[in-house]
Amino acid sequence: MRSFFHKVSKLEINGYVDFGKLEEEFRKYFLDTNLVDKINKGIEQNAKILFFNLSYTYVGFAFERYIVESGKRTSLQKCLYDSIQELSEVGFLPLVLYLSRVNIKHNLESIYLKVPVKIEQDRIELDRASMQGYK
Amino acid sequence: MEEFLRYSKAEKIEEFLASEPEILEILRLVYWYYKCSTLSATFNCKKTEMRNKITKGLLDLLTPYYSNIPYDKAHDHDFNSWIREKLRETTPLRGKDIRYQKSVLEILRVLKSINSELMIAYLSNNDTIKISFATAATNEYESDYDFIINEGIGAQVKTLFPQDSNEEFFSQSF
Chain P
1 MRSFFHKVSK LEINGYVDFG KLEEEFRKYF LDTNLVDKIN KGIEQNAKIL
51 FFNLSYTYVG FAFERYIVES GKRTSLQKCL YDSIQELSEV GFLPLVLYLS
101 RVNIKHNLES IYLKVPVKIE QDRIELDRAS MQGYK
Chain L
1 MEEFLRYSKA EKIEEFLASE PEILEILRLV YWYYKCSTLS ATFNCKKTEM
51 RNKITKGLLD LLTPYYSNIP YDKAHDHDFN SWIREKLRET TPLRGKDIRY
101 QKSVLEILRV LKSINSELMI AYLSNNDTIK ISFATAATNE YESDYDFIIN
151 EGIGAQVKTL FPQDSNEEFF SQSF
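Protein chains in written order, with our numbering: chain P, 1 to 135; chain L, 1 to 174.
Since no wrong hints were added, every one of them can be taken at face value.
Straight-line Cα separation of at most 30 Å, DSS-like style, residue types lysine-lysine; simulated pairs:
| no. | chain 1 | residue 1 | chain 2 | residue 2 |
| --- | --- | --- | --- | --- |
| 1 | L | Lys112 | P | Lys21 |
| 2 | P | Lys114 | P | Lys21 |
| 3 | P | Lys41 | L | Lys102 |
| 4 | P | Lys78 | L | Lys35 |
| 5 | L | Lys47 | P | Lys41 |
| 6 | L | Lys112 | P | Lys48 |
| 7 | L | Lys47 | P | Lys105 |
| 8 | L | Lys35 | P | Lys72 |
| 9 | L | Lys130 | P | Lys114 |
| 10 | L | Lys112 | P | Lys38 |
| 11 | L | Lys130 | P | Lys118 |
| 12 | P | Lys72 | L | Lys130 |
| 13 | P | Lys48 | L | Lys47 |
| 14 | P | Lys38 | L | Lys35 |
| 15 | L | Lys35 | P | Lys105 |
| 16 | L | Lys112 | P | Lys114 |
| 17 | L | Lys112 | P | Lys10 |
| 18 | P | Lys38 | L | Lys47 |
| 19 | P | Lys78 | P | Lys38 |
| 20 | P | Lys78 | L | Lys130 |
| 21 | P | Lys38 | L | Lys102 |
| 22 | L | Lys112 | P | Lys78 |
| 23 | L | Lys130 | P | Lys48 |
| 24 | P | Lys78 | P | Lys28 |
| 25 | P | Lys105 | L | Lys112 |
| 26 | L | Lys35 | P | Lys48 |
| 27 | P | Lys41 | L | Lys53 |
| 28 | L | Lys130 | P | Lys38 |
| 29 | L | Lys47 | L | Lys102 |
| 30 | L | Lys112 | P | Lys41 |
| 31 | L | Lys53 | P | Lys48 |
| 32 | P | Lys72 | P | Lys105 |
| 33 | P | Lys28 | L | Lys112 |
| 34 | P | Lys105 | L | Lys130 |
| 35 | P | Lys41 | L | Lys130 |
| 36 | P | Lys7 | L | Lys112 |
FYI, nobody ran anything at the bench for these hints, they're computed from the structure.
From a predicted model like this one, the values you see are computed outputs, not experimental measurements.
Bound-form chain P, shown alone:
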């Protein structure tokens, strides 16, 4: 538990989660863990939209803090609506990230990203080079 909060506190500046640090941590998290496999699995399953529940991860907790602290809350409905609008865009797969938390009331935070994909031998797959910033 200590390491959970410790990891998040390393992303703070003046007591608030810093967007630059969070973005970098998020990128590392995506590439260092088995998330890439999960994205590829979702693509293999022919999903047109992916949802990731980050409620149980430290990066999700940091993400939630950033959204709340910066007042950038977006409804799930808006995320989903925007994702559907992006479906026609070639080279990307919409990924909706969400977190649910029960304190006094039930909270749901969400945001959507565009995951770069490429077509390789008639198969769609994750474009890792783009994700790592090489392209």
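Starting from the known structure of chain P, arrange chain L on it as the hints suggest.
Below, chain L without anything else, positioned relative to chain P:
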């Protein structure tokens, strides 16, 4: 619920607290299951898939006691009876059974994954976005969707758990 009532009556609060995460997760499952069942008749397609996921952990636990009942084809009433009977059979041993504890962790993980799917499916539904369900793929060439948006957009839900240890996952108060 039987366990919940028993622990409350005997005021064995510590024992109850030990079971609290599982009970809460099961209550969440009941809630979102009911909510999704009101969305679309296609929700029936999800039943077998969900049962298979939940009983996978239970079957590991119950292997020594398991009698071959076709749980995936049974009606609701038969399935409920089967679960109740199997859980009752294991009660005397489970306090000392490490395999039971591991199975509970696995079941909890599976329940959280299922609840994630059901919750996001139900909350995504509104006047302009309609959610329906499909049967799980039977081979690698078939599409496999957790739910379908507006009858054509397949969606997959992945629940991420901490990689390094289970300690973080279970010590958070959600």
